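Undergrad: Chains as they are written, first to last, in numbering that gives the first Met the number 0: chain F, 0 to 425; chain Y, 0 to 425.
Hints listed in this document are in silico derivations from the structure and should not be mistaken for laboratory results. One thing to keep in mind: the hints can contain errors.
One copy or two, it doesn't matter: identical chains are merged, so the pair holds either way.
What the hints assert, rightly or not - In the DSBU-like style, the derived pairs of lysine-lysine whose C-alpha atoms are separated by at most 30 Å in a straight line are: (1) K27 / K190; (2) K190 / K3; (3) K74 / K10; (4) K370 / K316; (5) K396 / K85; (6) K190 / K337; (7) K185 / K396; (8) K85 / K69; (9) K130 / K225.
None of the values given here were measured: they were computed from a predicted structure.
Number of protein chains: 2
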Amino acid sequence: MDIKIPNTDKKRVVIIGGGFGGLALADKLCNGEFQVVLLDKHNYHQFQPLLYQVASAGLEPSSISFPFRKNFRKKRNFYFRMAQVKSVLFENNEVETNSGNVKYDYLVIAAGTTTNFFGNETLRQASLPMKSVEEALTLRNTLLLHLERAMDTTDSQERKALLNVVIVGGGATGVEIAGAISEMRKYIIPKDYPDLGDDEFNIHLVEGSHRLLAAMSEEASANALKYLTDMGVEITLERHVENYESGCAVLSDGRTIPTKTLIWVSGVTAEHFENIPSESIGRGGRLIVDKINLLKGTQNVFVIGDIALQTEANYPKGHPQVAPVAIQQGELLADNLKRMLKGQSPIAFEYVNKGTLATIGRNKGVADLKKLRLSGFFAWMVWLLVHLRSILGVKNKLMILINWIWNYLTYDQSVRFIFRSRPKED
Amino acid sequence: MDIKIPNTDKKRVVIIGGGFGGLALADKLCNGEFQVVLLDKHNYHQFQPLLYQVASAGLEPSSISFPFRKNFRKKRNFYFRMAQVKSVLFENNEVETNSGNVKYDYLVIAAGTTTNFFGNETLRQASLPMKSVEEALTLRNTLLLHLERAMDTTDSQERKALLNVVIVGGGATGVEIAGAISEMRKYIIPKDYPDLGDDEFNIHLVEGSHRLLAAMSEEASANALKYLTDMGVEITLERHVENYESGCAVLSDGRTIPTKTLIWVSGVTAEHFENIPSESIGRGGRLIVDKINLLKGTQNVFVIGDIALQTEANYPKGHPQVAPVAIQQGELLADNLKRMLKGQSPIAFEYVNKGTLATIGRNKGVADLKKLRLSGFFAWMVWLLVHLRSILGVKNKLMILINWIWNYLTYDQSVRFIFRSRPKED
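Make the full structure from the sequences, and use the hints.
TA: Structure (structure tokens):
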């Protein structure tokens with residue numbers, strides 16, 4: 000059965016995924032030359048860089064989300080369909096989803112990545128990933144529930160496990176969530192849980208390589224380490240979390256940490272669809288594309304963003320899996336599709352790297368800019384401005400700004416609610 | 000196993016439920032004379048009068064919720080425990096919860112009411128109730144999901160059922176949610192779902208008695224009927240929804256309405272605990288109390304708010320189940336417990352009714368005040384001010400005010416997200 004979309008004389012571009020790349024592409028492509036169909040499993044775009052603030056009860060999920068239908072309100076020839084893509088039927092120019100099939104003239108796979116548990120099912124079941132708004136909300140709910148349960152229990156081992164947070168992965172997300180939870184420990188927990196001893200709530204950060212923020216400069220790594228250590232986060236480098244046994248995270252040196260809150264931000268793997276030829280799949284499950292993001296071995300299937308593996312002189316192993324690459328690829332692909340429609344030849348992609356940022360709590364950040372490295376308050380301000388500027392929607396900007404000012408002045412992460420919710424049919 | 004709470008020489012007052020009554024009582028009681036233990040299944044107080052705005056995507060759930068621990072931060076001898084009470088063991092002065100038992104010197108039952116399906120399990124399973132923030136979120140998620148599914152489907156019967164909303168119950172909640180959804184139909188749906196025909200999305204309101212807002216004046220009922228009819232809500236009076244069969248709501252006159260969105264706001268019944276002697280249970284499951292809210296047949300168990308059945312000259316069948324009664328009873332009980340501790344005699348409760356309000360969308364409200372009946376814009380303004388004033392927390396007031404102004408100016412109910420979330424262990 001097909002999903003209901005009108006057939007017109009325009010070429011149909013089907014985009015899988017409305018993340019940074021898919022959205023940039025759709026925004027630029029939607030002016031009448033093509034029929035654009037956007038498929039996403041959620042009904043909103045999510046601003047992933049601020050997920051950790053949702054997880055740590057600093058922001059409402061709605062502040063970092065934006066309904067697709069609202070974004071594309073005034074566009075003609077645009078169709079959003081909430082659907083989960085299962086496979087690509089290349090021979091039919093068709094994708095198969097959970098609610099029916101959709102034909103395409105051009106297909107753009109912009110489905111991003113998902114959390115990588117390296118095949119360890121036990122770890123997957125024990126862990127809290129943080130790749131989506133819903134996962135961030137689940138983490139918020141779980142963190143708060145464990146604090147409440149710790150108050151009830153008379154079993155000291157269980158209390159310990161409820162009050163140890165173990166974060167696996169010292170990249171930007173791991174560093175940022177560690178910073179946010181340690182601020183919660185400093186400013187919120189002593190007031191909200193006066194029965195809790197000073198040293199009962201502990202935050203561990205475990206990173207496999209020899210430094211935090213491995214994608215940034217050594218200077219940024221050293222600063223992040225210092226900031227987090229000062230905030231009381233217990234950092235373990237050059238160790239992996241290899242398993243979860245009897246309520247404990249098991250480290251590669253054999254050490255065990257009792258915990259019920261195992262936050263897994265240790266790596267990603269590309270989203271997987273059935274039917275993709277194995278010779279098109281590269282490292283990390285990414286799909287191998289040429290200089291114009293065309294999928295190897297196809298004529299009308301493009302891949303952009305985190306899920307694409309594209310090499311250029313400066314990036315022989317592929318681009319970093321970050322928002323700016325996806326946005327730039329999406330924008331270029333919109334231009335290229337228009338050029339090809341006019342019979343012009345497409346332009347090869349070149350990534351313009353404007354820099355990398357991370358924040359580690361109140362007044363503390365690190366920034367590797369083009370010609371400048373910043374740390375501390377100034378890097379934190381740059382981080383705030385860049386993220387506020389990037390987020391979609393005037394109301395979101397306003398709500399985030401108010402929340403940030405509020406939280407800054409009151410030292411309060413104020414949305415500390417355990418909300419359970421699903422649609423009725425789930 | 001007991002829940003961990005320190006034993007002191009102070010008398011312990013255990014309060015079941017942190018709604019309007021329980022919170023008013025705890026707030027006033029928490030100044031050192033008693034040890035106060037508040038039990039609630041949620042970690043926050045919810046402002047029920049605005050649930051319908053959460054359900055209709057106008058407000059975030061966090062704007063109408065307030066964490067208990069934050070409210071009681073500076074209080075000594077106060078303990079919050081997130082727990083669900085199962086039964087009252089009167090003979091032991093103890094309550095049994097899902098996470099252990101708690102002893103009391105005084106017990107106050109302030110657990111409120113839950114949705115009444117009049118024993119019809121089919122209706123319970125098919126319906127969306129709206130008594131809690133989580134239920135309101137579920138309704139929001141479901142309403143939005145059904146719109147998305149209607150876009151996908153090629154089955155015209157299914158499409159119809161996905162696009163008919165049936166609201167059962169024409170009290171304040173039913174009228175308010177009908178108004179909010181019809182505004183969504185007017186201002187949001189034509190822009191967000193341009194494929195949808197003008198007459199495809201329908202809202203039905205079914206009320207068993209001969210008028211809407213039966214608890215208010217005839218004048219208010221007539222105005223509500225006129226407003227909703229003008230907004231295109233199809234109102235059926237003097238009919239009940241008796242069953243749900245083959246995807247249709249079945250009315251008492253035999254008429255059927257295909258719907259997957261059956262909103263049930265038709266009545267309440269008191270929360271039930273095991274072990275309450277049947278002679279203490281009155282109409283609607285409410286617990287019979289005397290003039291000082293003491294439960295019939297006990298010396299140290301009080302009942303306040305919606306779950307209490309107390310008669311006085313003006314209210315021979317018991318008080319209306321509304322917030323002001325609960326707040327006034329909670330405040331008086333705090334005074335009375337203090338008086339009793341000093342050996343003074345307690346004061347009998349008398350309800351001071353300041354009036355009843357309801358709103359029916361933009362610029363339209365009805366108000367029965369002591370000596371004045373209002374309707375239209377002015378009643379709507381009174382409604383806004385009263386509710387903004389009543390809600391707990393400066394930040395909540397600010398966020399709600401901004402959201403209301405935003406929604407008013409943009410005609411937008413802006414939090415249209417389908418978020419699924421639970422704590423991990425659920």
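Undergrad: Each of the hints needs a verdict: does it hold here or not?
TA: We went through each hint and held it up to the structure:
1. Taking the shortest Cα distances, K27 and K190 sit within 30 Å of each other only across copies (20 Å), while inside one copy they are farther apart (49 Å).
2. For a Cα distance limit of 30 Å, the shortest separation of K190 from K3 across copies, 18 Å, qualifies, whereas the shortest one inside one copy, 54 Å, does not.
3. Proximity of K74 to K10 under the C-alpha cut-off of 30 Å is restricted to the intra-copy arrangement: shortest distance 16 Å within a copy versus 66 Å between copies.
4. Taking the closest pair of Cα atoms, K370 and K316 come within 30 Å of each other only inside a single copy of the chain (23 Å); across copies the shortest separation is 78 Å, beyond that limit.
5. Neither within a single protomer nor between protomers do K396 and K85 lie at most 30 Å apart by alpha-carbon distance, with minima of 34 Å and 45 Å respectively.
6. With identical chains, the CA atoms of K190 and K337 are at most 30 Å apart between copies only, with a shortest distance of 27 Å across copies and 58 Å within one.
7. Taking the shortest Cα distances, K185 and K396 sit within 30 Å of each other both inside one copy (27 Å) and across copies (26 Å).
8. In this homomeric assembly, K85 and K69 come within 30 Å of each other (Cα to Cα) only inside a single copy, at 26 Å, whereas the closest approach across copies is 45 Å.
9. Taking the closest pair of Cα atoms, K130 and K225 come within 30 Å of each other only inside a single copy of the chain (26 Å); across copies the shortest separation is 48 Å, beyond that limit.
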